[in-house]
Each structure stands twice: as C-alpha cells, then as structure tokens.
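*Asks:* The primary structure of each chain is shown beneath.
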Amino acid sequence: MSVEPKTQEYFSSRWGLLLATLGMAVGTGNIWRFPRIAAQNGGGSFLIAWLIFLFLWSIPLLLVEFAMGKATRRGTVGAFARLLGGRYAWMGAFVGFVTMAIMFYYSVVAGWCLRYLAGAVTGQLSSLDNLEASTAFWERFTAGHSLLMSPITFHLVAMLVGALVVYRGVARGIERANKFLIPALFAILVIGAVRALTLSGPGLEGSPMAGLAYLFTPDWERLLDYRVWLEALSQSAWSTGAGWGLILTYGVYMRQKEDVVLNTFIAALGNNSASLLAALIIFPTVFAVLPAAEATQILQESGPASTGLTFVWIPQLFLRVPGGSIFLILFFLGLFFAALSSLLSMIEMVARNFMDAGMPRHKAIAWVGAGGFLLGLPSAYWLGFLGNQDWVWGLGLMVSGLFFAFAAIRYGPERFRSRYINTEGNDLTLGRWWDVLIRWVVPLEFVALMIWWSYKAIFQFDREGWWNPLHPYSLATCLVQWGLALGFFLLIRKQLARWADPESSS
Amino acid sequence: MTAAGWITMVVVLGVAWGGFAFTVWLAIRRESEKRR
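As you go down the protein sequences, you meet chains B and X in turn.
For the first sequence, counting from 1, position 14 maps to 14 in the working numbering; every step adds exactly one.
The working numbering runs 1000 ahead of the 1-based position in the second sequence.
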C-alpha cells in the first residue's frame, strides 16, 4: 500500500504519540464512570472481569486499529476501504458514527466538568454545606436557569477549546496540549489518591481502608451475573478506546518506523492504571467520610447518566475532609483535563474522515465543531437523552470492535500481523496468540455477550420493556438505533467508498 | 479486608501499575538503544 501523502503530518516523537494516545484513552470514563460501575458490579469481581477483557478484547483490537491507521494513513472510513476494498467502507463509517455520537454528549460532560471546576475555584461549591444544597446546585445548573451558566454554554466552551486545539494540527495542537494535560492529570491523580488513602481525623465517620476493602474484595457469586461481564467489557472498551477508531486516527500520524506493539500495551495499561488511581481517590474518600452502610448505598446509587456520585456527592464529601477545597479544585481540574484530552481525539477522528474526502483541515474542524455543538444540544438540554445515548453508543462499541476484528480476519490474521503489526522499528514482536484471540476469542465474546444480554433482557430483568425502542435503557433502543445507522451506511456504501478514498473505490 | 481482597488488590494493581511501569521502562530502554 503506497499511502504517504505529501501533506502527511506526524507526531514529533514517540513520547508525543504516547502522551496523545494516553490522552485519548484516559478520559472521564476513568474518573466519572469506572468507580460507579465497579461499585455497582461487585467491586473485586468486576475488577477481575475488567482486567480479563483488557487482554482478551481491548488490547487485541487496539493493535488492529493502530496498525490499520499506520498502514492506510486514512481515517476510519478510508482505512476499511483501503484494507478490505471500497465495499467495506460502510463499516468504517459505522465505527466513526458511533464515536461521533459519543462525542456529541461527551462534550456536554466536559462542559459539566468545566462548570464544576469554575465552581470549585470561585468557592461556589464550598458554600454548599449540605446534600440538599449540593443537589439543588446541580439541578439548577442542568435545568439551565441562567443561560450564561447553563450546560449549553459550557458545552459550547468545551467544544470551542477542543476545536481550537485540533485546528492547530497534530504536532502543534494535539501533541503539545497532551504534553501538558497528561503529566498534570497523572500528578493530580497520584496526589489525590495519597490524600484519600491517608484521611483521618475528627468529623470522619468511617475509614479509608473500608473503601479499599469494598473496592477489591470479590463477590464470587457476582461472576455468574452476565451484567458484570457486559459492564466489564463495555467499560474496558469505553475506557481504553478499543473500537472507537481513535487510536486508528492517531496511528495515521505515527512515523513509519514507530513501534505498534509496545506502544499499544503502554496506552492500555496506562489507561487502566489511571482508572485504578481514580478509584483509589473515590472509594477511600466516600468510606472515610461516611459510615460504611451509607457509603455503600451512595456508591451503588447514581443520578441520571451516573451524575449523582460525581456532581452531587463529591463536592459534599471532599468538603468534609481537611484541605477539601483544594482537593475539590484538583479533582475537577483532573476531570476536565481528562475530558479535554479525549475530546481532542474525537474531534480529530471525525475531522480526519472529512479531510480524507478532500476537505482542508480548517474547514473540517469548523464543521465538526459547529456540528458537534448543535447535535450535542439535546444531551445538554435533557439528561434522559444523554443517558440513552450513553447506553446505546457505549454498547455500540461492541459492534465497532467486532468490525475491527472482522477487518483483521477478512484480511487474514497472520498476514495482517506480519505485514502491518510486526514491522520495522517494533520493540516487541507480536506472537501467534494474537491470531487466535482476534479470529476466535473476540467474535465469541461478542456473540456470547449479545445472546446472554438478549436472553436476560427478554426473559428476566426487562420483560415488560425490552421491546420498546422508546424505553431509554432497553434492548430495542440499542438495536433500533444501531440498525438505523447500519442501514443508512449500507444504503450509501458506494458513495461512501468514493467519498472517503477514491483510489480504492474501483 | 479479607485474604481474597488482598490477593485481588495485589493482582489487579500488580498487572495494571506493574505492567505500565514495566512497559514504559522497556520503551525508555529501547529508545536509548536506538539512539546509540
């Protein structure tokens, strides 16, 4: 494949690429989503399932994505077209669409983080001295009582900041921003975890060690619950970026002699390390401030779109610990940095597909920024819609992951590995074990979880509502929305092939 | 915390943090080898 265009941009160094990749992977999912999902799914049992899927789902797929980006030098649509032929461009379009749909509400969540950071810095959050005040603050904000301080304004700011950074290009924008954001984020997480684990003193009703025990003690029976495995796979994919097409997009800008295998492992393990650091802030803090029974209840409950813990309880809890105001600023600063670094990769992913079709960078970024803002408005207005989109497209990543596995299988796993993964400059050689994982294990995981989930939804936990596409967390809402997107892209597959990569459409 | 909790903690943190530290160290070593 001769694919190096004259205008090809590159990350300036391996560390620049790695920090950007970590920035893509470490996002709000690590801080906002992971602790809640772990708490609701059996603590230690969930962690075991989550770690298994890191190696059996996320890493094999991240390897495919990185290699596809580097080999084809195209975004998701063009990468599928160049690797498998133009008639498969629709698969790349679906992958890109799922991530774009996530981007719409992700920018809203990034806006929330920014609002709470502003609230922490100005001392607004410090004045919320009870749970009612904290809840009222959140509800006033999300209801958009004041347009200037509404989710729409902060969604706009988040999208604008993200688009401006990406507008500057890969090395001067994305790489430079992540060189600051990611070391700062890790420093904040480490400081926060050390502080949380050493909490003691008057006013604290529990112990941080109880939080550790809750996080790590496995409940073996929960391992027989399909939801633990479904959530573990979804969280692993959500958090590492497997199946999103984001690492594929960054792969487009890696230098020809850059390593694929070791860099993938660093990004995946670094992502999980960040998730665990975030959990080591949240669990010990909750259990130090409150008695164990109350702490357990709070961790397991969540407001719409899992907002309760982060945006209602965290301000309350942190303010009850010594030095809490500073702790609170650091927490929301870290959360915003994580959100922004991931948002950059999503904007670049969507824009890359437009650039492949011949649109100049500045125009593509302007379209993505404006479109992202407009199509994120429903989520900014209505938490219920955001919750539905998080459910539908978070799980849609399983389908995207399957498409990447299909790409490698269709091409031939061994041929793909020797031609695109084990290339010159690699620091580690990928063995045959990957062929088995990508050919058999990944598709089997998809089929098993889909059957298990469908069976349980239809016959057990959602017998009344599983068929209803208007029910926000039903099986049908996923199938209908995925089906509409797939149907549309299949319908325009020929145009897609020509649009994304004219050379391969013949 | 129970023994199962401690073991899970050591395994999970060992794999994630240990793995991350090891792979970063390996990358630093390989980069310095390439420069030589």
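Be a bit skeptical, because a hint or two may be false.
[Claimed, not checked] Across the chosen pairs, the derived CB separations fall in these ranges: (1) B:E294 to X:K1034: 50 to 56 angstroms; (2) B:A184 to X:I1007: 50 to 56 angstroms; (3) X:S1032 to B:L164: 32 to 38 angstroms; (4) B:Q8 to X:L1013: 36 to 42 angstroms; (5) B:R140 to X:K1034: 54 to 60 angstroms; (6) B:M450 to X:S1032: 44 to 50 angstroms.
[To be verified] List of simulated lysine to aspartate or glutamate pairs, EDC-like, C-alpha gap at most 16 angstroms: (7) X:K1034 to B:D427; (8) B:K257 to B:D129; (9) B:K456 to B:D129; (10) B:K257 to B:E414; (11) B:K257 to B:E139; (12) X:K1034 to B:D225; (13) B:K257 to X:E1031; (14) B:K257 to X:E1033.
Simulated from the structure, these hints should not be mistaken for laboratory data.
The beta carbon of each residue, even a glycine, is placed where N, CA and C say it ideally should be.
*Asks:* Each hint should be assessed against the structure and marked as holding or not.
*Replies:* Cross-check of the supplied hints:
no. : hint                                  : result
1   : B:E294 to X:K1034: 50 to 56 angstroms : holds (55 angstroms)
2   : B:A184 to X:I1007: 50 to 56 angstroms : violated (34 angstroms)
3   : X:S1032 to B:L164: 32 to 38 angstroms : holds (36 angstroms)
4   : B:Q8 to X:L1013: 36 to 42 angstroms   : holds (40 angstroms)
5   : B:R140 to X:K1034: 54 to 60 angstroms : holds (56 angstroms)
6   : B:M450 to X:S1032: 44 to 50 angstroms : holds (46 angstroms)
7   : X:K1034 to B:D427                     : holds (10 angstroms)
8   : B:K257 to B:D129                      : violated (56 angstroms)
9   : B:K456 to B:D129                      : violated (43 angstroms)
10  : B:K257 to B:E414                      : violated (20 angstroms)
11  : B:K257 to B:E139                      : violated (51 angstroms)
12  : X:K1034 to B:D225                     : violated (48 angstroms)
13  : B:K257 to X:E1031                     : holds (12 angstroms)
14  : B:K257 to X:E1033                     : holds (15 angstroms)
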